[in-house]
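So the sequences go chain by chain: F and W. Mapping of the first sequence onto the numbering used here: position 82 corresponds to residue 310, and the numbering continues sequentially without gaps. Mapping of the second sequence onto the numbering used here: position 148 corresponds to residue 816, and the numbering continues sequentially without gaps.
Please keep in mind that the hints were generated in silico from the structure rather than gathered at the bench. Just so you know, even glycine gets a beta-carbon here, dropped at the ideal spot from N, CA and C. Treat the hints with care, as some may be off.
[Said to hold, decoys possible] Using 20 Å as the maximum straight-line C-alpha spacing, the simulated DMTMM-like pairs for lysine to aspartate or glutamate come out as follows:
(1) W:776 with W:745
(2) W:776 with W:804
(3) W:820 with W:779
(4) W:836 with W:797
(5) F:573 with W:684
(6) W:706 with F:263
(7) W:696 with F:263
(8) W:836 with W:713
(9) W:776 with W:763
(10) W:841 with W:767
(11) W:685 with F:263
[Said to hold, decoys possible] If you want the ones that stay clear, here's a sample from chain W, every Cβ over 12 Å from chain F, calculated:
(12) 742
(13) 802
(14) 805
(15) 846
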Amino acid sequence: MELLNTSLPYLLPIVYAVAMISVFMGLCAYSVLAERKVSGWIQGRVGPNRTRLPLLGHIPILGNLMTGLGLFQPAADGLKFLFKEEITPGHVRKSYYYLAPIVALAPALTTMVVVPFGRYVDADGVMQPLVLANVDLGMLIVLAISSLGVYGIVLAGWASNSKYPFLGGIRASAQMISFELSMGLALLPVFMWAAAPGSEYGMSLFGVVQSQQSAWLGLWQPLSALIFLVALFAETNRLPFDMAESETDLVGGFHTEYGAFKFGLFFVAEYAHIIIGSAVFVLLFAGGWNFLPWLADPWGDGLIGALLSVGWFMAKVFFMIFFFIWMRWTLPRFRYDQVMSLGWKILLPVAVGNLVLNTFIIAIYDTLTR
Amino acid sequence: MAKTKVLERKPLTFAEKTFLPQIAGGLKTTFATMLQKKVTLQYPEERPNIPDNYRGVPTLVRDPNGREKCVSCQLCEFVCPPKAIRITPGEIDPEAEPDRAHVEKAPKEFDINMLRCIYCGLCQEVCPEEAIYLQDVFSLSGYSREEMINNKEKLYELGGTLPDSHYKWDKKKAAEVAGNSH
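Sequences are here, hints too, so could you generate the full structure?
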């Protein structure tokens, strides 16, 4: 018993981390299902509806419903990747080739640590975020680590030692550089408003959510929100910006030479980035777990309130994931030079202008209210 | 001479240059599609509606009296472009089938190799007895090449009875009995 008490402070974070990774990987698997289902619906199809697990699938009505919704499909998809033959082409650079999928997935799982997903009221009546690590530099960590994800793609492109993956990797790196700039610049006004000098939150994501209790930042910083959203699509390599794997001109892009579970890791990594990106967008611009604009927090203080806040936050994240998929089937893929000119010639100047404008507004506001 | 219509191309407005209204319109379209009725046919459970005159697997049919119509004239065998049909003609035993003795011939063997068949329907078109029909079976499979050759029994099993009203051979017999056969 004493051993348990002494080891608990070390054990508990591990338990939390494992629990969160399990939930997160589950979300990734079901995002893949969502992608397949929503793609089907938008194309007038029904999507996967055949996979049936032995016991669960044979519950009278519920089983048919779950099968029809394809709820067992992720298991089949995952097992398929797991049991396929692992093929390593002879011409690849072995160690980097194996490293690349891991490098692609790890950043998304790392950024998850600082992303708050709900709030609870602690014993002293102070509102606290539900998060693995509530750090003051939350947003900075997200930006710093999530952009490492592109290294996995570049590494894959280079290690594959073949021209199409190489082109995919090059495109991914160029795209990352051009959109990362606008993304960072679009975020600055947000934190200039949310974390004014003297505020206790700094760059923590919890602070941004708390500052949105009246109006959501997306409503009165629409330009920042738009630039961030566009950059997010580019950063997560989603259509219309999926230059790195544009299958019409690059076969499979950076993962052309990958198969079986290594490809599965890339696949999961893409959705992990989408989920983290959606979560960050919701936290920054869509009020996090705040109920509606100007109707902040109807959730109670207790456990139910905490769960409700998590639920509402997840609902918003799910809508964002849906939006990603929805956008995929709405816009055609841009040409590579169009993506570059959008990033450098439009988004970057607009982001700079937005930053300058907000600086002036804050300066004038401070002078007037002093 | 038709009058050439010159389209006026206005410069894009600011809203159009940002593409945002167009993207919103696109999103609306895709969302509306999502709510529409699905076009998917749940295949093995639901079967497609086969139109009349569909050219499926060729089959042999019987007349309403349950007698085989084919007289093994071999026209289909000769016309068949991929040479999928093979007929071994045989005589009708007058003792065994007295009411068909005047037909004289019937196929002893009738094989259609479904690995060769191109579903062109020429056999059906050429048949003077309306004995061979391409019906609505569109999916067939087998584990070996031998299994893919439809023999006579299989062909009649697939074909069934054709409810035609010609009764050609009955009329012929009646004419023969009346003494005015050609």
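Consistency of the hints with the structure:
1. W:776 with W:745: 14 Å, holds
2. W:776 with W:804: 26 Å, violated
3. W:820 with W:779: Since the Cα atoms of residue 820 of chain W and residue 779 of chain W sit roughly 6 Å apart, the hinted pair holds (cutoff 20 Å).
4. W:836 with W:797: Between residue 836 of chain W and residue 797 of chain W the Cα gap is close to 9 Å, so the pair holds against 20 Å.
5. F:573 with W:684: 17 Å, holds
6. W:706 with F:263: Holds, at about 17 Å.
7. W:696 with F:263: Distance of about 18 Å is within 20 Å: holds.
8. W:836 with W:713: 40 Å, violated
9. W:776 with W:763: 17 Å, holds
10. W:841 with W:767: Measuring from Cα to Cα gives roughly 9 Å; hence the hint holds.
11. W:685 with F:263: The hint is violated at about 30 Å.
12. 742: At roughly 47 Å from the nearest Cβ of chain F, residue 742 of chain W sits farther out than 12 Å, so the non-interface label holds.
13. 802: Answer for residue 802 of chain W: holds, closest chain F Cβ roughly 31 Å.
14. 805: Answer for residue 805 of chain W: holds, closest chain F Cβ roughly 25 Å.
15. 846: 64 Å, holds
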